[in-house]
Structures are given as C-alpha cells and as structure tokens.
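J.: Residue numbers (my numbering), protein chains in the order written: chain S, 1 to 248; chain E, 1 to 334.
Derived by calculation from the structure, the hints in this document are not laboratory data.
Don't take every hint at face value.
Claimed, not checked - Stretch by stretch, here's where chain S covers chain E in the computed footprint (C-beta under 8 angstroms, at least three residues):
1) 82-93
2) 212-219
3) 248-261
4) 291-300
Unchecked claim - Only part of the chain S face toward chain E is listed, based on derived beta-carbon distances under 8 angstroms:
5) Thr-61
6) Glu-151
7) Glu-161
The beta carbon of each residue, even a glycine, is placed where N, CA and C say it ideally should be.
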Amino acid sequence: MKKNYAFHILILSSLVLLSACQKEATNGNVTIFINYNVGGQELVTNDFRYTCAAGYTFEVTRLQYYLSNFTLRKDDGTEYFLDEVFYQELGTTDPSIPIPDVPPGTYTSLSFVYGLDADTNVDGGLPNTLTNINMEWPLSGDQGYHYMKFEGKYKLPGTGEEKAFNLHTGATGNNQNFIEITLPIDNGLKIDGNTMQLQLNYDLNEWLQNPNTWDFEVWGPMIMANQDAQLALKANGATAFSIEPMNP
Amino acid sequence: MKRTILLLGVLIWTLPYCTKEKPIDPGWEYDPTPFNLEYPDFFPILEIPADNPTTVQGVLLGRMLYYDPILHKDSTEACASCHQQAFSFSKPGNIIPHINLGWSGAFLWNGKIQGTLEDIMLFESRDFFETDLSRLQNHPDYPKRFYEAFGDKEITYEHIAKAMAQFERTMISANSKYDQYLDPDQFVFLEDEEFLGYDIFFSEKGDCFHCHGGILFTDNRFHNNGLDANPEPGLSEITGDPFDVGRFKTPTLRNIELTGPYMHDSRYETLEEVIDFYSEGLKNSPTVDPLMKNVYKGGIQLTPQEKGYLLAFLKTLTDTTYLHNPALEDPFHE
C-alpha cells in the first residue's frame, strides 16, 4: 500500500513537471558587462597615452562612480525596473551589473542613471558603508555623494609640466546633475528563461568632448561647486555609453 | 620487525604527552558572552569576521595580552609600551595610534599587512613580538582564559590574534567636540574659527576631505601626498608596483593633536608645520596623487589666518574621553 502511494506521487509530480514544460515563457536574467575604452583605445591606467580634444596628453589614475535605476523597456512601453545602486571602481569592483528575474519579452532599450537620483542623493541616502562614506559630497549647502570621481593627470603642451585633473561630479545646491542615459538595443533582447548578456561600452574620453570640448586649464581643478562645469560634464557624460549585444 | 620498533617508538614518544596533558579543570567553562560594540549611527557599519565574534571573554583576554609583556619573546615590552592610552595608543615617534582600527583593511605605513585586524594581530604577535606560546601555555591563568574565549585547551597564534583583534575593535573613539557637534541632541556648536576651518577642510579650498574625509577622517587608502621629490618606496615595497612609490597609509586625523610628531618618518614636530607643508611645501613627483591638485603651485596657499582656522578645526577632533576610557585601561592596575 505504501509503495502504491509513492507511485502515485511519482506520476503526479511528473505530470506537474510536464505541464511546466508546456508553460508560457518564463523570467530570465540580464548581465551587463562594462567595457572601458578611451577614444577607442584600450584603457591603461597611469600612462600618458591619450590626447583629448583640447589638445592635452593625459593619463587616467582612478575612476569611481555610481550607476543606478537600470530599466529595460519593451516597444509597447512596459518596463522592468531594478531599484538598486551599483558602485563601480576601476580595477577593484566586478565590472558587471546583474539584472535578475526579468519578465519574458523582447526589450528594445536600456536606461540607467549615471550617479544617483534625487531621492537617493541626500545625506545618508545610501547605507553607511566605508565605500559610500568615501564617496560623500560634504560641501556646505550641498548634499549626498559624488556621482563620479575621475582623476588623472595631463601635460601642458610645450613645457610638458604635469598637472592633475579631478572630474568630480555631483549636486550643487538644488541642481541634481545626475545623468539619465537611454540606449537602444539593436535587434532587441529576447528574454525567455535565459540569461542574456549586454556589453556596455564606456568611453572615458567622452567626458572631455562632445558636445563640450573640456579644457583642463580653463575649468581648473576645482569644479565641485561650479554648476557651469557640472552642466558641461553632464552633457559630455551623456554620450559616453553605447551598447553592444554579446549574444549571437 | 622494523614496524613494531617504529610503533614502539611512536608509543614511547607520545606517552609522556598523553600523561602530561592536563585534564580540563572542572572550573573551566566555554560559554562566551556576546559583547555589544557601541558606536554612533553615523559611523560606518563595522564588519566583523564570522569566525571571530566579539565576546566579553575574548575582549578581556585581548586587553590583558595588550598590556602584558609576556607576549614579547624577551618580555621587555608590551604593546602598550609603545601604544599608550595617554597618546591615543601611540607615543611620540612614528608609532601609528590605535583608534577606530576596526574599520581599517590595510595596516602599517606601507600596507605590509592587508586584511582584517586578525591578520595584523597575527603578524604583531607571531612575527613582531615572536611570542613564546609555551610561556602562555604554562601560565597559571591564561590557559583557562583562552579556553573560556575559544573553547580550546591549546593556545595558538590564531587565538592570540583573535583575542587582540576583539579588543582592538572596542577601541572606538567617537566623542570629540566634532562628534558632539554632529549629534543634534547635544547642542554643542563650533566656534567661528573652527567652523571656518571646517569649511577649508571639507571644501576644495583645503581639500583634505578627499583623503582624510568621512567620519573616520581617513579613507583607509594609500596616497603619495607630496612629501618628497624623490619619495620613499612606501606601498611599492609590498606590491612591487612602481606606481605605488611614495604611497603611504592615510592616517586618521582623529586625536591628531595628541599624536605628533607627524608623517611616517616623524618629520614634522607640530601641526603648524604640517599645515605649512600642505599650504606651500608640496613636492611634485611622478606618483604624487592627482588629489594633490595644487602641487604645481606648491600647495593650497592658505593665509596665516586660514591656517589658524584649519588648526582650530583639527583640534575639534580631539576626544579626551578616549584617553580615560576605563574599559581600555591596563587591566592589571585596578
């Protein structure tokens, strides 16, 4: 009798499994890999191998920033939003962004925020971790965190004298200055129980051009309280990303 | 035949150990009491390794070891001989003070030890003091205390490191004038001078905060702050990376008033000299940190008045209660 019972369970569960196979499309995952370059050249730190639009040779020393509010959108307007903040640091953090549990369908665009939105960019808006504390934006009258610390050095033409640049972006007063970026996904990203990969190309040279040719000497090294500088960088940063599907 | 001889040998060899082994004293008990580490909400979350929870027994043991010369191979000094409470667990010289080190992940000026407090404490006991374990093992009191903290009859370097790391985690300083000012319940305010100094420190004018920022007043990273045109190896001694030349651990500025002389080689006697250095004494070198963005003009160029403000602010980071915290005092002199 006992045996019989077990047999029934077996039949039942295989029926359940079978019906699962016939079920509609299921949730999947998307992984975004950040792939750096500098004006199409490979990113190598601490090497004066790049030249910017304003004519300086420069090197990249450090890059720390936040990405947040990742959103995948379908043509019919439905979207999948990931309410999470990602800290990225060149050479230190894993340069990939996992977007789990994405509902099935074909997604044709990806949006995200470079930096933090207005709700998050307040004092104490992020958990009190060592990383977040090091990103604080402590200027009087302002609040929140650095969106980005991009640091390096450039050489003066002629003399070759080396000077430092600190592209530190964040809010000044009530100007939030975070960047909303939306990128089309060519041919769409089809989710159905699978894990799809996207390559997010990030060209650091774009901070220095397009639309605003950034002249280190004109802006100087102190831009945290300079809203004009923040706006110029905001416009430049908006062109720094592009997407490349990694799946055949 | 050979085998039996071997077996006999092993037996004879191990016998004395078996008989020598002391049975656990009935009075010994392994039932550690969790220790509640207290620090303000505005401090970062303190990460504690899962295999070394803080306990009352462990903290007390660590504290005893910190003050006891028995840890040193010649018993000539204790940790506390150099790390004195009156000087924020430092002493005039290049001795790094012990203050909020629970939040640190790399230790010593050149970053020789990377990891947790357990890692640095293992180094301090085993490699620096070369602790003779048998002296602890044969001590009338310590074996029981180790047992009560870790449930092990055998004293190891790992146990020493764990106990001392537990004690170090309790060495929290969070009661400077600046902390009181941050606490809205305390109604403590900064003087005008101090506030003007705060503004220099936490703005790009002084730009101290990019390295000595946050509530810990250190980023716990390594930088070349422009001390020399030909910097010493610093972190590169450990990593072998030429870009790490001249990079040293950013020291906390908490209790900085009490821990002179300053810099890894104690080159500055006073805080005034340090401020002069940042104002007009910076030296450029290939690895100087990009955050030292005024190095090309020698420094941040403060007026004498502004230097006074900055100094006044640095002094608001002094926490005298830390120097008299009874829980951190020598447990043998009560």
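J.: Are the hints correct? Go through all of them and say.
T.: Here is how each hint holds up against the structure:
Only when three residues or more bring their CB closer than 8 angstroms to a CB of chain S does the claim for the segment 82-93 of chain E stand; here the count is 0, and the claim is violated. As drawn, the segment 212-219 of chain E meets chain S at 5 residues by the rule of a beta-carbon pair under 8 angstroms; at three or more, the given contact holds. Remark: the segment 248-261 of chain E is not confirmed as covered by chain S, as 0 of its residues place a Cβ nearer than 8 angstroms to a Cβ of that chain, below the required three. Interface restraint, the segment 291-300 of chain E with chain S: holds (6 residues with C-beta to C-beta distance below 8 angstroms; minimum three).
Proximity of S/Thr-61 to chain E holds as hinted, the smallest CB-CB distance being about 5 angstroms (cut-off 8 angstroms). Nearest Cβ of chain E to the Cβ of S/Glu-151: about 4 angstroms, under the 8 angstroms cut. The hint holds. Of the supplied interface hints, the one on S/Glu-161 holds, with its beta-carbon coming within about 7 angstroms of a beta-carbon of chain E, less than 8 angstroms.
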